[in-house]
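*Asks:* Protein chains in written order, with the working numbering: chain A, 1 to 542; chain B, 1001 to 1115.
Derived from the structure by calculation, the hints contain no laboratory data. Values in this document were obtained by computation on a predicted structure and should not be read as measured data.
20 angstroms max Cα-Cα, derived EDC-like pairs, lysine to aspartate or glutamate: (1) K1099(B) with E62(A); (2) K1099(B) with D58(A); (3) K245(A) with E290(A); (4) K336(A) with D325(A).
Covered by chain B, per the in silico footprint, the following chain A stretches (three or more residues, Cβ under 8 angstroms): (5) 6-12; (6) 49-56.
By construction, the Cβ of each residue, glycine as well, lies at the ideal position given by its N, Cα and C atoms.
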Amino acid sequence: MDMSAYRDLFVSESRNHLNAFNELIVQLEGNTSDQAAINEMFRHVHSLKGMAATMQYDAVTELAHRMEDQLGRVRSNEIAFCPSLADLLLEGSDLLSGMVTAIENGEGEQPDATNLIERLESFTPAPAASAEPPLATPADAAPETPAADSPPDEHRFRQSDSFKSVRVKTDTLDRLVNITGELITTRHRLMDRARRYTIPALNEPLHHLSGLLRELRDEVFKARMLPFAVVAERFPRLLRDLARKQGKEISLQVEGQEIELDRGILEEITEPLVHILRNAVDHGVEAPDERRATGKSPVGAVTITVTRDKDHVAISIADDGRGMDSSRLAQKAVEKKILTAAEVDTISRQTALMLVCTPGFSMATEVSDVSGRGVGMDVVKTAVHVLGGTLSIESEPGQGSRFILRLPITVSIIHALLVECGDLTLAFPVNTISRTIELRRDDIFEEAGRKVFALDGRHVPLKSLNRLLNQPPPRGGSPIVPAVVNEAGDSVVGLVTDRFLGQEEIFVKPLGLPLSRMKNLTGGIITGDGQIVFVVDVSTLV
Amino acid sequence: MIVDDAVFMRNILRAIINDKGYAVIAEAASGIEAMKTLHDHDPDIVILDIILPDVNGLDLLESILKVHPRAKVVICSSISQEPIIKKALDHGAKAFIQKPFTPEKVLEALEGLEA
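Chain B on its own, in the form it takes in the complex (with noise of 0.2 angstroms):
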């Protein structure tokens, strides 16, 4: 699952993760909307921008969590104080995808998933 409110960056996430043989089986543009979809797909994965027009991911990422502790969140974010990105770790993201990234940086970030 995708969560970020670029519908630009949404697509060729799409496009980067459909190449690689997974399947993105939803997607939101807003904490909220995130919460809702994630309740109705239950995906392995959940790939997160930090910053969205209704929550901060980080927060968002605590609440989902709460809810699905067995997803898989993977942090995508331009933002690259190592603070946010250390208090994204420690509170449970799986991985961290600095924006701009590339195809392989993406992947590279996926396949440390299944490692």
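Excised from the complex, chain A in its bound form (with noise of 0.2 angstroms):
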């Protein structure tokens, strides 16, 4: 079973134990008597220690199991509670805190408690006649002692930990994008109001709104970004583990974890990478004796890169190993009576490896070096595509293979471009798209019985969006054809359709059934006035 899921849970429980037990310490000062809060606090570290040593963090256990020693002395009358134990112990449960702060932030290093585990210890009560000196506090055993030229203050807060930061649950940032999606509506309404009625009075604090929707969302969405490492620090184990089941080697590197992603994007890609690195270890790495023959190191090489461009984020994992062979792929596809064969000979290297992407294309009890790599990667494409994003495989027979997920940095408030289809108004994903082009009608022409155009040397095919959603062509002759162009890997098309309408700041919706069945649409929105705007999967039009 895997504990580091419950470290949150030991955090926050952690915490309760630690104030309740500070609490104590004050009110036990004040009666040192009180043999209930003696028994209640013994009880608080008590469970801690036990929680801790669960979860195997030892410094806690060792640190509170010692506090719990001094206790169970003070219970069992052995000795008196008395001030310098109550420093000791709210020393210790500083420190301890401090501790579960490190666990909290994930990091490796924890204070040191070896001189107040020594001073706890060592502990003996002064004699109860002699005044107690307050416990002179060694500059090295508290994790956060004030610098030397601070004067000793000792109430003073601990503001690292407590207040520069609030925990905040995963449903209360997913409401905030809700409602800030909602805010972003109702502003394109506002606005279609003012333009309806003329209503110049409006234009001012529309203006400001705008600005401050913008920063609003912009907030909201820094909030749920999380760096690439937090899914990243499970793969190093993942993949020792698995490179070790099928008696290989590999060394994994990651590049650009510091970059951020939305929460929910993370989380639904953890997955799919997982899929494609247990693809590379199970099918790309070759055993070490056969690297060596073809002259590679023995030791495999996986690498995973994440970069970003503006409002994208691009994330590759590499392998060094034997790659796929494109052709093979194709004849695979034949045998599967997945593509005719006179379709095969058209199709390009790119879209042959994106043959392994078609549910069904290999079957997981298959595990030669072509159909392993089916396992799985239909539902990766999917996820991908879900999130708006495209994935591209590039791979060279005996050097490896590469797969590039090119993801949107958020979800749900995204920038689209609307389209006028027939009936329909469509939006399109900015970042789905390559760029948008108005032909005249002789920029277009026939060849091989398909209408393409120029674009930068090459020659584009267009399809109609209109036919391709069943909806009625453009109506009567305009000279300009407006076409939006995709990219899918090195597939490109002009999709045409009726008009441009313009670029809008768009909050998406998901759709219910029986609409979410549909599978060109990604998303419904409703515009400024009240219209519903289908978004276009663009990848499964291409």
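Put the two chains together into one complex; each comes in its own frame, and the hints tell you how they fit.
*Replies:* Right under this line is the structure:
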């Protein structure tokens, strides 16, 4: 069982115990013979010890154990509770709290408790008659001793721990995104009314509102961002275990761990990434002997690289294994009746590689080099598309494979191009469009029975969006043909539509049944004038 | 049924137990709560901590078996003194799980009950 799942619970429970413990110490100082309070304290520190031991946080276990020992002596009336013991216990509680914070932050390094443990072990209460001098705190003992020149202040608050951050439930963050999205929709509605009823006096406050909403959106998203390291931290162990099972040796390198993504996206891509890594170990990287025979280092290399450009994050998972042979993949597609022999002749290398993402392309039981790759890759592709991202594959036989996930940084509130298509208004997420173009009739010509146009020196096929979506064809011969150019891997297509309506920031909501079954759509939005607009899943149209 | 005052321990135990195909039908954080819950749920197995906020786990063990003699009680505690463990077993506990435990230890104890 993976204990790390209980880390958060451990942290919050420990804090509760420590807070209660601290209160009890103060209470005891007022009435040192309060036996019930002693029992309570014993119980708190005992519980903390047990939890830490279960989680194998040895430093916490050890310190809590020493504190428990002293409280045990008080409980059995061997020694009396005195201010110097209170000081030691408070110091211990602070140190434990520091350890819990380190655990919460995922820091391997724990505050050093050696000195305090020694003092707890050798603790002997001062004779009851003498006045209790406050116990001097050696500078190296506490994790946060004040700097030498700062005045000693017993009631100093530990700002670093308590007040600079708060824990927020992810549900709350999701709700904040929802509310922000609804506010953006409401702003569109207000602007629409202001335009329709010509109310110039609204322009200034609306402009101000737009600025504030942008800021709100950015802050809300910032709060949801987590570094890629959050998912990457489990990969070295995963890869090591998988590799060992197969008798392989693999080194993993992760670059760009610090790059942040929305937690919703991170959550959704974790399993797909595990799939890809698993495939890299199972089918990509060869056994050490095989690698030696081909002149490679016996240790396989898997590299995860995360990079960010404006509103995209690209995650690339590369291995230096045996790679995939696109012609063999194509052949297999014919055997599986996924493609006809004629189709195979026309597909590009890139398209052939993407065949591994076809559902049913391979069975989990087959373990040959080519076939195994298909395991779960259709799931990976779907997961990436649902997030509004794209998946592409590069591979060279003998050299290795590279899977590239291009993902939006945030979900649900995105920039989109609105287009008119027959009776529908459709939204294309801007990150799925490589460009828009307005063609004249004579820019379009026929090639091998297809309509194409020239773009940057290559011929790009045109498809009618209206026809793909069963919409009536564009009305009456406009001289301008608007097209949205989409790229997926190395295949490019221009989708012809009726009219561009402009770019807008939109709040995408998931579609309910039965609309969610429509394969060309990923969601819906409500525009300022109350119209429903569907968000297009470009990958299904290209 | 799990009786432990620490949410953390209850959660971990529940995760381990569910993972092995047993169902946790009730939880209690104190002796009083345990007696109430016991009455409502009639569990086959009770996993019982010894240090509880209101009563001694050993006393609770006796009370449980008095009203619910069919229940198999497993003591789960960090107390490792032989006399206490022995006393618990003498008083009708069927097994003992030493805290801190591993999932395997918990499973071992539960499987021992079925044998």
